[in-house]
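Trainee: Spelled out, the chains give:
There are 2 protein chains.
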Amino acid sequence: MPTTATHTSPWLLAKRAAKMNPSVIREILKVTEQPGIISFAGGLPSPKTFPVAEFEAACAKVLRDDPHAALQYAASEGFGPLRDMVAAGLPWQVDPARILITTGSQQGLDLVAKVLVDAGSKILVESPTYLGAVMAFTPMEPEVVSVANDADGVDLADLRAKAKGARFLYALPNFQNPTGRTMSEASRAALSAEAARLGLPIIEDNPYGDLWFDAAPPAPLTARNPEGCIYLGSFSKVLAPGLRLGYIVAPQAVYPKLLQAKQAADLHSPGLNQRLIAEVMKDGFLERHVPTIRALYKSQRDAMLEALAREMPAGEPDATLTWNTPAGGMFLWARLPKGMSAVDLLPFAVGKGVAFVPGAPFYADHADPRTLRLSFVTPSVEEIQRGVAALAAAIKVYATGLKP
Amino acid sequence: MPTTATHTSPWLLAKRAAKMNPSVIREILKVTEQPGIISFAGGLPSPKTFPVAEFEAACAKVLRDDPHAALQYAASEGFGPLRDMVAAGLPWQVDPARILITTGSQQGLDLVAKVLVDAGSKILVESPTYLGAVMAFTPMEPEVVSVANDADGVDLADLRAKAKGARFLYALPNFQNPTGRTMSEASRAALSAEAARLGLPIIEDNPYGDLWFDAAPPAPLTARNPEGCIYLGSFSKVLAPGLRLGYIVAPQAVYPKLLQAKQAADLHSPGLNQRLIAEVMKDGFLERHVPTIRALYKSQRDAMLEALAREMPAGEPDATLTWNTPAGGMFLWARLPKGMSAVDLLPFAVGKGVAFVPGAPFYADHADPRTLRLSFVTPSVEEIQRGVAALAAAIKVYATGLKP
Chain A
9 MPTTATHTSP
19 WLLAKRAAKM
29 NPSVIREILK
39 VTEQPGIISF
49 AGGLPSPKTF
59 PVAEFEAACA
69 KVLRDDPHAA
79 LQYAASEGFG
89 PLRDMVAAGL
99 PWQVDPARIL
109 ITTGSQQGLD
119 LVAKVLVDAG
129 SKILVESPTY
139 LGAVMAFTPM
149 EPEVVSVAND
159 ADGVDLADLR
169 AKAKGARFLY
179 ALPNFQNPTG
189 RTMSEASRAA
199 LSAEAARLGL
209 PIIEDNPYGD
219 LWFDAAPPAP
229 LTARNPEGCI
239 YLGSFSKVLA
249 PGLRLGYIVA
259 PQAVYPKLLQ
269 AKQAADLHSP
279 GLNQRLIAEV
289 MKDGFLERHV
299 PTIRALYKSQ
309 RDAMLEALAR
319 EMPAGEPDAT
329 LTWNTPAGGM
339 FLWARLPKGM
349 SAVDLLPFAV
359 GKGVAFVPGA
369 PFYADHADPR
379 TLRLSFVTPS
389 VEEIQRGVAA
399 LAAAIKVYAT
409 GLKP
Chain B
9 MPTTATHTSP
19 WLLAKRAAKM
29 NPSVIREILK
39 VTEQPGIISF
49 AGGLPSPKTF
59 PVAEFEAACA
69 KVLRDDPHAA
79 LQYAASEGFG
89 PLRDMVAAGL
99 PWQVDPARIL
109 ITTGSQQGLD
119 LVAKVLVDAG
129 SKILVESPTY
139 LGAVMAFTPM
149 EPEVVSVAND
159 ADGVDLADLR
169 AKAKGARFLY
179 ALPNFQNPTG
189 RTMSEASRAA
199 LSAEAARLGL
209 PIIEDNPYGD
219 LWFDAAPPAP
229 LTARNPEGCI
239 YLGSFSKVLA
249 PGLRLGYIVA
259 PQAVYPKLLQ
269 AKQAADLHSP
279 GLNQRLIAEV
289 MKDGFLERHV
299 PTIRALYKSQ
309 RDAMLEALAR
319 EMPAGEPDAT
329 LTWNTPAGGM
339 FLWARLPKGM
349 SAVDLLPFAV
359 GKGVAFVPGA
369 PFYADHADPR
379 TLRLSFVTPS
389 VEEIQRGVAA
399 LAAAIKVYAT
409 GLKP
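Chains A and B, in that order, give the protein sequences. Residues in the first sequence are numbered from 9 upward in steps of one, following my numbering. Residues in the second sequence are numbered from 9 upward in steps of one, following my numbering.
Mixed in with the good hints, there may be bad ones.
[Claimed, not checked] For lysine-lysine, the following DSS-like pairs were computed, each having C-alpha atoms within a straight-line distance of at most 30 Å:
#1 B/K172 / B/K130
#2 A/K69 / B/K69
#3 B/K130 / A/K130
#4 B/K130 / B/K23
#5 A/K38 / A/K27
#6 B/K23 / A/K23
#7 B/K38 / B/K346
#8 A/K290 / B/K69
#9 A/K27 / B/K23
#10 B/K27 / A/K27
#11 B/K290 / A/K56
#12 B/K290 / A/K69
#13 A/K130 / B/K27
#14 B/K69 / A/K56
The set of hints was computed from the structure by calculation and includes no laboratory data.
Modelling step: build the complete structure from the supplied sequences, incorporating the hints.
Mentor: Put into structure tokens, the structure is as follows:
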């Protein structure tokens, strides 16, 4: 061996590491996290919705009544009473033995990829899709292919054309991140039947489903075919993301391997946190608490819709900004006039004091550069009004062709 | 597509899933977790050492002073003040920017494998080694090769013979799990120099290093060559495992990719837990607390050594049970007389009311079937005495050739 080896870096990275790069969106968020900027960019739940007093009481109780179990190593499957509560709260019949508690639903995505994706495996995603899922799948080196869809759901002709050999379709049917759109009942029924016919598993991600504004969304895809779907849920949007707890509902054909991957990944999710969530949730707390989140987010969405209608000029879809009306969740999806790019608009917007996330990074392929994501849950109503006015002003300047 | 697809399982598992199987040891633990059995099998810290009152006070303070940050999404790198404390507490100069907080040090192993291991990559481990590490590496499909070693450390001739093309050597120099052995100063110095010469990175795992009984162990391998090593630390053995917090210290050549893998795996470790640990640790709590754990575990080790000396017959190493004298940690390593197998002994032991873990599963290759691991931290001194007597009785019956 050459003795010069001490002078060079000994580190040889795995091939997959070349594909593991910082999220474009996180980088954008850093740029836009300047003081004084009104941010429609983040994806953070409003801290006003965190049940702090309930967590304080739960902490005191758990550490008084059951400290040694809460602080000790525990089973990889998760805390039994919490698994029971999760199963009981789902809108279809679920055996608690099919529930695996995860360190945020982000970990659910990591485990799913480990168990189902080989290097080069094709996986299908919506167009656009949740970027964090693609990041979680990437270390297993899949070929990520997007399936076309409209505001109602997945395009089944395109799905049929692309399904062959695909390991699964990853879908977020309720108040999707980034678009805020919801799959209709008809679209769910048709997708569920078609996926079963094709033998195509579905990974259904549902972090936002409880945050509906006027009516609950249609039944999950998994409820229609539990043996053909893996369902991912989260406590982050209804209680608090900082505890990092979510769950997987998986059929017996996959559960043991997901459990094994979980054990290898972090042994188990924190026992203290699982007991805190179980303690807060018992006695139907979510039935009282979640409606307050819905009401808050709905008022914020309404403020954004009103401000957009007031500030943005009317016109044809290719001549002015257009946007959708999310029926729940945290995000609204907008589209700039023809020829504009949301990435190019961003510095003008930051110059006017408002930030958003361009839509392009959310597409696995065939990105629409005119799209942008607006989060309405973190800023106040007054900030939403000023922010939308600033966005309108930014679009006007950008349209003149001047420099930002 | 055949319409019969609906009648068959749609799930095609990744190739790696075939290698992801339940830990032999977890299966053994299940068998031995019967009421009335004295267990030397587990690897759980004594719950007597959990600072419950301090965690109660910390919970109340964090949720009173900083609830929204503690419960919100947070940076993937970890909580700044905790990273500062970790860096300041290490026995070599470490920039806090090189610290990545992980969901237990188990997650550190998962991230290391993702960033450094391609399918088929050779990785080197001690003989025997920590089984949880092999489980964490397995999903990345390495070829795991064990390097010979004696009670003092790694056999450098064997290391040289096997180092070519290896991605790293995984080593646990302090009070190793499973053997309880500690690498000597001379062995560390020689290994560090040889690894640098070979251009072989070292992954140094140190969950037990603070649990020394009479004298602190020699300086870590990483302190001798920080650019050539990744160091994994844990709060599980000095505070509590149920919070699932550990950390990685990584050189700049690898840190950004580990951070990216961390973000994809679970976004960040729980912010509440990180603040609890930081709150408990401030003002030098560990300097007062850890000596109490050392004193407890030392008294338990002494009880086990005394019971072994009293109960086991004297004789030549091939004719009787032999054991080592761990200088810290949680485990003692023993070896049965020639011709015996610890796996075969186990049912006799359970029959007599005592459990242990056979050593064979801890070897990546060339397992020594005579070895067994005895944990001395969970049972009481009185249970240790009864348990060792039961073990001696079991060996005696097993030696007669009767059925258990």
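Trainee: If a hint holds in the structure, say so; if it does not, say that too.
Mentor: Hint-by-hint comparison with the structure:
no.: 1; hint: B/K172 / B/K130; result: holds (9 Å)
no.: 2; hint: A/K69 / B/K69; result: holds (15 Å)
no.: 3; hint: B/K130 / A/K130; result: holds (27 Å)
no.: 4; hint: B/K130 / B/K23; result: holds (18 Å)
no.: 5; hint: A/K38 / A/K27; result: holds (21 Å)
no.: 6; hint: B/K23 / A/K23; result: holds (18 Å)
no.: 7; hint: B/K38 / B/K346; result: holds (28 Å)
no.: 8; hint: A/K290 / B/K69; result: holds (24 Å)
no.: 9; hint: A/K27 / B/K23; result: holds (21 Å)
no.: 10; hint: B/K27 / A/K27; result: holds (24 Å)
no.: 11; hint: B/K290 / A/K56; result: holds (29 Å)
no.: 12; hint: B/K290 / A/K69; result: holds (24 Å)
no.: 13; hint: A/K130 / B/K27; result: holds (21 Å)
no.: 14; hint: B/K69 / A/K56; result: holds (19 Å)
Comparing the model with each numbered hint stated earlier shows that all of them hold.
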